[in-house]
Structures are given as structure tokens and as C-alpha cells.
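Participant: So the protein sequences, as listed, match chains D and C. Take my numbering: the final residue in the first sequence is number 374, and no numbers are missing along the way. Take my numbering: the final residue in the second sequence is number 447, and no numbers are missing along the way.
Do not take every clue at face value.
[As the list claims (entries may be wrong)] With a straight-line cut-off of 20 Å between C-alpha atoms, the simulated SDA-like cross-links for lysine to any residue are:
(1) Lys357/C with Lys300/D
(2) Lys191/C with Phe35/D
(3) Lys191/C with Asn289/D
(4) Lys352/C with Ala258/D
(5) Lys396/C with Gly256/D
(6) Lys284/D with Gly269/D
Read the hints as simulated data drawn from the structure, not as lab findings.
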Amino acid sequence: MKRTILRSLAVLALTTGVFCNKSADGEGDGNDKGFDKTGMLTNYADQLIIPAYALLQEKVNNFQALANTFLETRNTANQQGLLEGYKQLHLQYTRVEAYNLGPAVVAGLEVYLNYNGGIDYNFATNGELVGFSIDSTTIENNISSGNYDLTQYVRNSFYAQGFAAINYLFFGPNAIQKFNSNTVSRVKYAKDVVNRIKTLVDKINIDWTAYRTEFVSNTKTNVGSPIGNMINGMAYDLDVLKGPRIGWPFGKQSNGIAFPAKVEAFFAGNAAALAQESMRNLKKIFTANGSGKGFADYLKSLNREDLANQLTAQFDLVITKLEALPDPLSTTITAQPAKVEEAYKEIQKLLTLIKTDLASATGVQITFMDNDGD
Amino acid sequence: MMAINRQAWEKPVSIAPLITFRIAFGLLMFVSTLRFWWRGWVDTVYVSPTFHFTYWGFEWVQPLGKPGMYLLFSIIALTALMIAAGFLYRVASVLFFICFTYVELIDVTTYLNHYYFISLVAFIMIWLPANRLYSLDVLIKPGRRRSLVPAWTIGLIRFQLGVVYFFAGLAKLNPDWLIDAQPMKTWLPAKSHLPIVGAFMYNEWVAYLFSWFGALYDLLIVFFLLNKRTRWWGYGFVLIFHLATSIFFPGIGLFPYVMIVSSLVFFSGSFHQRLLFFLTGKKVEAELSTPYAFTYKKALYAIMGGYVILQCFIPCRFLLYPDRLFWNEEGYRFSWRVMLMEKAGAAYFKIKDRAGKQFYEVNNAEFLTPLQEKMMSTQPDLILRYAHFLASTYAKRGVTQPRVYGEIYVTLNGAGSRLFIDSSVNLAAEPFSWKHYHWILPYKAAN
Chain D
1 MKRTILRSLA
11 VLALTTGVFC
21 NKSADGEGDG
31 NDKGFDKTGM
41 LTNYADQLII
51 PAYALLQEKV
61 NNFQALANTF
71 LETRNTANQQ
81 GLLEGYKQLH
91 LQYTRVEAYN
101 LGPAVVAGLE
111 VYLNYNGGID
121 YNFATNGELV
131 GFSIDSTTIE
141 NNISSGNYDL
151 TQYVRNSFYA
161 QGFAAINYLF
171 FGPNAIQKFN
181 SNTVSRVKYA
191 KDVVNRIKTL
201 VDKINIDWTA
211 YRTEFVSNTK
221 TNVGSPIGNM
231 INGMAYDLDV
241 LKGPRIGWPF
251 GKQSNGIAFP
261 AKVEAFFAGN
271 AAALAQESMR
281 NLKKIFTANG
291 SGKGFADYLK
301 SLNREDLANQ
311 LTAQFDLVIT
321 KLEALPDPLS
331 TTITAQPAKV
341 EEAYKEIQKL
351 LTLIKTDLAS
361 ATGVQITFMD
371 NDGD
Chain C
1 MMAINRQAWE
11 KPVSIAPLIT
21 FRIAFGLLMF
31 VSTLRFWWRG
41 WVDTVYVSPT
51 FHFTYWGFEW
61 VQPLGKPGMY
71 LLFSIIALTA
81 LMIAAGFLYR
91 VASVLFFICF
101 TYVELIDVTT
111 YLNHYYFISL
121 VAFIMIWLPA
131 NRLYSLDVLI
141 KPGRRRSLVP
151 AWTIGLIRFQ
161 LGVVYFFAGL
171 AKLNPDWLID
181 AQPMKTWLPA
191 KSHLPIVGAF
201 MYNEWVAYLF
211 SWFGALYDLL
221 IVFFLLNKRT
231 RWWGYGFVLI
241 FHLATSIFFP
251 GIGLFPYVMI
261 VSSLVFFSGS
271 FHQRLLFFLT
281 GKKVEAELST
291 PYAFTYKKAL
301 YAIMGGYVIL
311 QCFIPCRFLL
321 YPDRLFWNEE
331 GYRFSWRVML
341 MEKAGAAYFK
351 IKDRAGKQFY
361 EVNNAEFLTP
371 LQEKMMSTQP
381 DLILRYAHFL
391 ASTYAKRGVT
401 QPRVYGEIYV
411 TLNGAGSRLF
421 IDSSVNLAAE
431 PFSWKHYHWI
441 LPYKAAN
């Protein structure tokens with residue numbers, strides 16, 4: 001009896017196998033639905049990432065020249081020119097911030113250039129170094145003591161350099177007058193801060209030349225893989241937007257108490273423009289600028305055109321809602337809370353789509369830990 | 001049917017399968033512990049997190065701090081080696097079981113079916129005379145040597161493996177798995193980087209092949225292994241299936257190897273005698289003909305009988321809950337549901353005070369690791385546990401009688417993300433229960 005059952009089951013197993021193979025011969029000329037992931041990554045590297053870093057390098061050089069001019073002749077005209085150069089530079093940074101992988105991680109670009117305080121912080125009291133704070137105390141101490149190391153990997157150091165320091169030193173209250181005392185040290189610190197940015201960006205540009213091969217040839221989706229990093233990077237960008245960029249200063253974590261001084265680029269006053277550009281760029285990454293070789297197209301090849309369209313539409317909606325927020329954002333968050341609330345809602349929807357549907361559909365993992373199901 | 005009569009299960013059989021199993025299990029556990037340690041997971045999982053998802057009723061199981069956790073893992077590694085060597089076997093197996101299970105009970109989000117399997121096997125091993133040959137214990141006390149044991153000792157391990165496979169197979173008999181080939185259809189295109197087979201990963205028939213072969217394998221493999229004539233074929237399938245699993249889904253960890261090694265227990269006594277002879281050069285002596293006899297037989301039979309009944313009931317308890325198991329996951333754990341669905345969630349919590357005047361949004365990253373957040377976002381009992389934690393945390397921060405509301409979106413097997421729980425329910429006031437949680441929204445097939 002047992003044997004008969006076993007035999008029939010074995011036959012069933014075999015026929016199932018044959019059946020499956022047959023149907024494959026019938027319909028499958030093989031890879032008609034296949035997707036060229038290396039092609040996608042090559043497109044990202046050559047059309048988006050590497051050109052964006054090259055442009056960032058240009059903006060840094062331009063900014064450095066303007067900074068030197070200002071530091072030599074400190075007047076409002078030069079300050080105004082410098083502010084324009086800075087805005088261009090920071091906007092260009094938002095076009096690379098999602099590539100938080102490989103050379104950028106090695107260099108620590110995000111924390112040294114545009115530290116957001118980490119997204120694991122509680123944003124409930126003022127005065128603390130959280131979000132896009134500026135640590136003027138450490139900056140002033142560094143200037144007066146002359147004793148500082150901008151390569152230190154600690155929060156105080158992050159908050160005393162990069163865009164935070166540039167905002168304070170060049171565009172903060174009485175920025176020009178402050179250079180009149182302790183001039184040599186202050187000018188040196190300002191130059192060191194600018195030079196630090198140049199060093200980081202130069203290094204990333206050089207490193208990408210070597211890293212490119214590794215990037216385009218790794219088509220896995222596990223943690224640390226380029227595809228995994230790109231998708232997780234998109235989710236992270238949305239997390240930053242929902243948290244330190246808009247939600248937290250708006251008072252989401254703090255019972256509605258707003259912290260206007262903690263918006264990004266507070267003294268330059270273009271935080272809304274930065275948030276908008278960041279999302280425009282994220283959409284550009286998702287659609288690969290309409291080249292047919294992006295995540296949106298990968299989704300289509302997986303029969304998930306619905307999701308691709310849903311995501312594109314949500315990106316557009318978020319961008320529209322953000323464009324309704326005028327700069328300076330620090331004023332808007334208290335003057336037009338309803339509009340901020342609207343944008344926030346759509347940001348959360350987009351974040352949800354990326355974290356759940358997109359991550360699921362692309363098989364991207366978020367942790368290294370063993371996993372035997374979901 | 002297998003005739004279960006007393007004579008058959010007390011029949012003296014060769015101890016050899018038990019010996020091989022003991023040595024292999026001990027060594028594998030040693031390697032597994034080192035791997036966990038070496039990857040830095042002791043720190044990331046049990047030392048750095050500020051909050052842990054304890055099991056209901058086991059809230060007292062807490063991490064022991066950095067030195068404590070490393071001590072615990074040292075004990076696990078050491079006792080695993082002692083089990084392999086058969087040195088102070090009873091003490092070692094009890095200690096191993098307690099320490100390993102303690103670690104697993106610290107945080108639900110680290111639950112893996114194979115950790116549960118290890119805990120169960122470690123529990124069984126405590127009662128079995130697996131140290132009566134090829135061990136340091138009998139080298140020290142040669143009088144304790146036995147070459148025969150009651151058949152049920154080996155049968156129990158085979159039963160445990162059978163439970164794992166058979167229920168894993170039953171779990172795959174659902175429309176998502178068989179008719180839609182989900183989640184394979186979602187997972188396989190992410191494996192296109194594999195050499196040779198990678199090119200086929202976009203073809204749907206491959207997903208169907210994997211799904212159907214997997215289901216048939218899990219359902220039938222035990223019968224192939226039990227039957228002498230099909231055993232070698234069966235073991236061939238064991239190798240193919242588990243090696244394929246570890247190549248396609250490396251994230252599954254050591255589970256395939258645990259099963260490959262454990263399945264050897266289905267081979268006959270004489271096979272294992274030859275294997276042990278081949279490995280050690282020492283023969284099982286025939287003159288040791290007095291079979292091992294248990295002292296408290298009746299009590300032991302009662303324990304083991306209860307154990308067997310529980311093992312058959314636990315994977316079926318999901319039948320007592322309404323709605324879709326994959327959605328509400330009530331009765332999902334401890335049921336050998338391995339790699340069965342693709343589920344992801346995003347959870348946003350809001351805190352209000354009693355008057356509804358104060359209003360805070362929770363930043364999950366402040367309290368949870370990425371792994372914890374991922375696991376919590378899709379599992380109702382973890383959501384409840386976290387909500388209670390949030391209530392007490394925000395109470396300490398000065399919110400009077402905090403109310404906790406969750407806006408949670410979940411996607412299951414490629415269906416668009418949708419609301420998972422009732423966002424208007426104050427989770428802080430909802431109790432833990434064996435009953436169905438009414439605040440889980442019913443799964444709707446259409447988007």
C-alpha cells in the first residue's frame with residue numbers, strides 16, 4: 001500500500017516536472033521579459049551619477065573662488081555673489097545626495113557636508129544639536145583656539161563644518177563684521193571649511209572612476225549591493241525629508257512646537273528650494289530621466305507597470321505640494337501650516353510606496369541578518 | 001500506516017544514528033554560534049538595541065548586557081562542543097538548551113524557524129542517551145557504554161524532522177504559492193545575477209517549477225527517507241533542494257545545512273555504524289548487547305507523548321483564527337512556515353494625551369533597529385508590544401495617559417500596500433490575547 005502511494009507520488013512529481021518544461025518550450029523563447037540590470041546600472045553611473053559629481057566639483061571650485069574673493073574683500077556685493085554660488089552648490093548636492101553608496105560613504109560626504117543629525121533622533125527640545133543644527137559654539141571655539149581637526153568623526157565636528165558652517169560664517173548674523181576681529185584665524189577657518197569640501201568632492205570624483213566597474217557589474221539586491229543601496233537611498237531621502245528637512249522643524253515630533261531655526265541652510269534661506277530639487281532628482285533617478293533604463297522600467301519588465309505609474313504620479317504630487325511652499329521655509333512652517341501639512345501627507349504616502357511596494361517588488365533587503373520568511 | 005505498538009517502539013536498535021546526530025548537531029551549533037559572533041550580531045542584536053520585543057509571558061527574559069551576552073554565547077559555543085564530544089553530556093545538553101533558548105526568547109524579531117528547531121532538538125537531546133558511545137563520557141566510565149537503544153529515541157528525532165518538512169509542505173498548499181507562484185515570482189527576478197541559471201529567472205515557469213517542486217519536496221521527502229528503497233534517492237533530493245535554497249536565498253543562513261546534516265538520521269543503524277567506523281576507525285562492539293534502559297520510563301513517555309501531541313497541534317492552531325493567515329499572522333510562528341510570503345510594511349505611530357490636546361509623531365528609528373522596525377511593521381502582536389512600550393515611554397516624557405494610534409500600510413505578495421490595522425483604535429488600551437485581534441483590518445483581495 002505504502003509503496004503504491006509512493007510510486008504514484010513519484011510519477012506525479014516527474015510528470016509535473018515534464019509538464020513544466022513542456023510549457024516552457026511552448027511559450028518561452030526565453031528572455032523576452034528579461035531585464036538588463038547591468039545596462040540599468042551603467043546608465044545610472046554614466047548618465048546620472050558620474051556627471052552629477054563632476055558638476056558638483058565644478059560648483060565647489062566656483063564656490064571656492066567666490067569665497068576667496070569674499071575673504072579678501074569682505075563687502076555685501078561679494079557676499080551676495082558668494083550666496084548665489086553657495087545656493088548653486090547646495091542645489092547640486094541635492095542631486096547627488098541619494099547616491100549614498102560606495103565612494104560617498106567611504107568619504108563620509110553626507111555627514112561632513114550636510115549633516116542632518118541622523119534620523120534616529122528625538123526632536124523635542126531646542127538648543128540641542130539635532131536635525132540641521134549649526135554648532136556656532138564649536139565653530140567659534142575652533143576659530144579662537146585654532147585647534148581643530150575637521151576629519152574627526154563626531155557630531156560636534158559634523159555640525160561645525162560643511163554647509164552648516166558656511167551658513168554661519170558667510171551668511172549668519174553680522175557675518176561680515178565678525179571677520180573684523182580675529183581676522184586671520186577666522187579667514188583660515190573659513191578657508192579650511194571650504195577646502196575640506198573640495199577635498200571630499202575631489203576624492204569622490206576620483207574614486208568613482210575605479211568604483212564604476214564594481215557598481216555596474218554587481219546586479220544583486222542584498223544589503224550593500226548597488227541596487228539595494230539605490231532603493232534604500234531613495235527611502236532614506238524620503239525619511240530625511242519627512243524628518244529633519246520638514247516634519248521635525250514643523251513640530252511633528254514636538255507637539256506642534258516648531259523649530260524654524262533648524263531647517264536646512266537656515267541663513268541662506270533656501271530650504272524649500274532644496275527640498276523641491278531633492279525630490280525632482282529622486283524622481284529623475286526612479287525614471288532614469290525617461291531613458292528606459294531605470295527602476296521604473298525594471299518594474300514594468302516585472303509586470304508592475306501599475307506600481308511604476310503610481311510611484312511616478314506620487315513623485316509628481318509631492319513635487320507639486322513642495323513647490324507650493326515658498327522660501328524661506330523657516331517662515332512658511334509657521335505662516336502656512338496647512339500647506340506644509342498637505343505636503344507632509346503626500347511625502348508619507350511616497351515613503352510608504354518606496355518602503356513597502358518598491359522594496360518588495362525589487363527584492364531589496366534592508367538588513368544583513370538571516371531571514372527565513374517575512 | 002505505521003503501527004504504533006509498544007514493542008516496536010521499545011525494540012532495541014543500534015545507537016549509531018543517535019551518535020552521528022549528536023556529533024553533527026554539536027559541531028554545527030558550534031560553527032553557527034561562532035558565525036553569529038563573528039558577524040557582530042551579538043552586539044547589533046542583543047547589546048545595542050534599547051528596546052526588545054519580548055515574548056508574551058516571557059517578559060522577564062532580558063538581555064544580560066555586553067559581558068553577560070558574550071558570556072552566554074561563550075557557554076553556548078562551549079556546551080555545543082561538549083555535546084559533540086559527549087563530555088558531561090547531560091549537563092552540557094541542559095545548559096545548551098537553556099542558554100540557547102534564553103537568547104532566542106530575548107527578541108521576537110530575531111525569530112527564525114531553524115532557531116526554534118534547534119531549541120526543540122536541544123530539548124529532545126537532553127533526554128536521549130546520545131553519549132553512550134564514541135564519547136568522552138564512556139572513555140572516562142567505560143561501564144556506561146551501550147550499543148543498543150530503544151527505537152523511539154531515534155524515532156523521536158525522525159518525527160521532529162518529519163514535522164518540520166510535512167507542515168512546511170502543508171503550508172505551501174495555498175493559492176498564492178501554487179496558482180500565482182508567489183512569492184517566488186517576486187523573488188526570482190532578483191536572482192538574475194546567478195551564473196547559468198540567472199538568465200532564466202525572469203521566466204514565470206521557473207517560479208512555478210520552484211513553487212511546485214518545493215511543495216512536493218516538503219510533503220513527500222519524509223516518506224522517501226523512511227522507505228529503505230527510496231532513501232538514497234530521497235537524500236539526493238535533500239542535497240539538491242537545500243543546496244539550491246542556500247544558493248538562491250543566502251539570507252536564510254545555516255538552515256539548509258542543519259537540515260542536510262539532520263536528515264542523515266533517517267539512515268539505518270548499519271549505515272551509521274559504517275560511517276562512524278569510517279570516520280573514527282573504531283567499531284561498535286557487538287558484545288555490548290544490553291540495551292540502554294530508561295529509569296523513569298512512564299514519566300518520560302508522558303513527557304514525550306505530550307510533546308508529540310503539541311508538535312502536531314501548534315502548526316494547526318492558525319485554523320482557530322478568522323481571516324487570512326498571511327495577513328493577520330495569528331498562529332503563524334512555530335509552524336514551519338519558511339520563505340512563504342513577501343510582506344513589507346511601513347508603520348507610523350501617533351501619540352495623543354488623554355484630552356487629545358497634545359500630539360506627537362513617533363520616530364521609530366529612535367527606538368528600533370532597522371530589523372526590529374521591519375518585523376514590527378507587519379506583525380500584529382509586535383505592533384501591540386511596541387504600542388505599549390510607546391505608551392509607557394511617552395508617559396515618562398510627561399504625556400498624561402498617552403493614547404497610541406498606528407497608521408500602518410502593508411503589502412503582501414505583490415498586492416499594493418493598504419491599511420493594516422484600524423487607525424482609530426487606541427492600541428495602548430488593547431490587551432494581549434490569544435483571541436483574534438479585532439483591530440486588524442480584514443484583508444481585501446482587491447486594491
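Participant: A separate judgement is required for each hint: does it hold in the structure or not?
Facilitator: Cross-check of the supplied hints:
1. Lys357/C with Lys300/D: 46 Å, violated
2. Lys191/C with Phe35/D: 12 Å, holds
3. Lys191/C with Asn289/D: Not OK: Lys191/C and Asn289/D at ~26 Å, beyond 20 Å, violated.
4. Lys352/C with Ala258/D: Given pair Lys352/C, Ala258/D holds - Cα atoms ~17 Å apart, limit 20 Å.
5. Lys396/C with Gly256/D: This hinted pair holds, its Cα atoms lying about 19 Å apart.
6. Lys284/D with Gly269/D: With a Cα-Cα distance of about 25 Å, the restraint between Lys284/D and Gly269/D is violated, given a limit of 20 Å.
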